[in-house]
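Asker: Here's the letter readout for the chains.
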Amino acid sequence: MLVAQRIHHFTIYSRFIMSKNASIALFSPFFILFCAVQLFSQASAIPAERQISPEGLVKILQGKDKPLLFQVGSHTMYAQAHISGSEYLGSASTETGLQQLRKRVESLPKSKSIVLYCGCCPWSRCPNVKPADDALHALGFTNVKVLYIANNFGTDWVDKGYPVEKGE
Amino acid sequence: MLAAVYQLRRGSPRRRGTASQNVLAPDFTLNTIDGKPLRLSDYRGKVALLDFWATWCDPCREETPHFVELQKKYGDRGLQIIGVSMDDGPEPVRTFYQQFQMNYPVVMGTAATGEAYGGVLGLPIAFLIDRDGRILSKHMGATDASVFENEIRNLLSP
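Chains A and B supply the protein sequences, listed in that same order.
Here our numbering is used: the first residue of the first sequence is 1, the next is one more, and so on.
Here our numbering is used: the first residue of the second sequence is 169, the next is one more, and so on.
If you're looking for bench data, these hints aren't it; they were derived computationally from the structure.
Treat each hint with caution, since some may be false.
As the list claims (entries may be wrong) - Simulated crosslink set (BS3-like; lysine-lysine; CA at most 25 Å straight-line):
| hint | chain 1 | residue 1 | chain 2 | residue 2 |
| --- | --- | --- | --- | --- |
| 1 | B | K306 | A | K166 |
| 2 | A | K59 | A | K112 |
| 3 | A | K112 | A | K64 |
| 4 | A | K160 | B | K306 |
| 5 | B | K204 | B | K214 |
| 6 | A | K103 | A | K59 |
Work out the full structure, taking the sequences as your base and the hints as a guide.
Answerer: As structure tokens, then:
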């Protein structure tokens, strides 16, 4: 099983266990490990220089040199609304999603401009964008940005009137 | 029938219809993770809590044990929680369902359902529906369990 999936399942289950045994959890190494996993596996661990704001992306999309846009979260949410011109590649917190991402980029030059986004959850809680970002960097891509979505895609993109499309 | 006005126009502000308070909750028939159809209006007469969520959504996972407790506590008084999973398929949902010992039905959501409820473009989103099928409240993002419990108790009161 992919390491990211193991981490993902670990965090799901650990939260459940701690909800049952909070007083014990606070003092256990298990809890400390859990905090460390949370800290390094979520979007908040993506360095600022690898992020792009919605406003910044909108400006770029108005220009000639548009990046490839990959939504790496929920397909059901993508079908309702997605950034105009973006492609859905699968939830990057799953191995299937990461495989689809790797397959999509395998023939691209490593300098290709790519923007990843999700918008499922508040930024610090998104489980999808960091695995996708990590995967592209591991493949040697040097021009990857992650769209910083503070709250969710609806609030931070759609409601602001930025370009969207719907459908598969 | 609630008209979820969901206009998408490029480059201009768009209105998203919201499943707002005191309107009838949009009816749907969706398959559960076991493949059986579930129709929302079959629960008319109960207080329903409709939770849009996904297995990989951290705040959603935090809410799940609380919903399990609420269902256990108020189920025999007329509460019915229904999870609407926005996962891409039922497999991870079935695993999660067992791991978290969920005790309420979970259906697989669709884009059409999300649009009917004003656009589910962030998770979790929960709607509390009264016994007449009207939406009492909408909660976007992780919400403290006590908020849900207070509203549920009010709705269940005779």
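Asker: If a hint holds in the structure, say so; if it does not, say that too.
Answerer: Verification of the hints:
no.	hint	verdict
1	K306/B x K166/A	holds, 23 Å
2	K59/A x K112/A	holds, 18 Å
3	K112/A x K64/A	holds, 14 Å
4	K160/A x K306/B	holds, 21 Å
5	K204/B x K214/B	holds, 20 Å
6	K103/A x K59/A	violated, 29 Å
The earlier numbered hint that this structure contradicts is number 6, and it is the only one.
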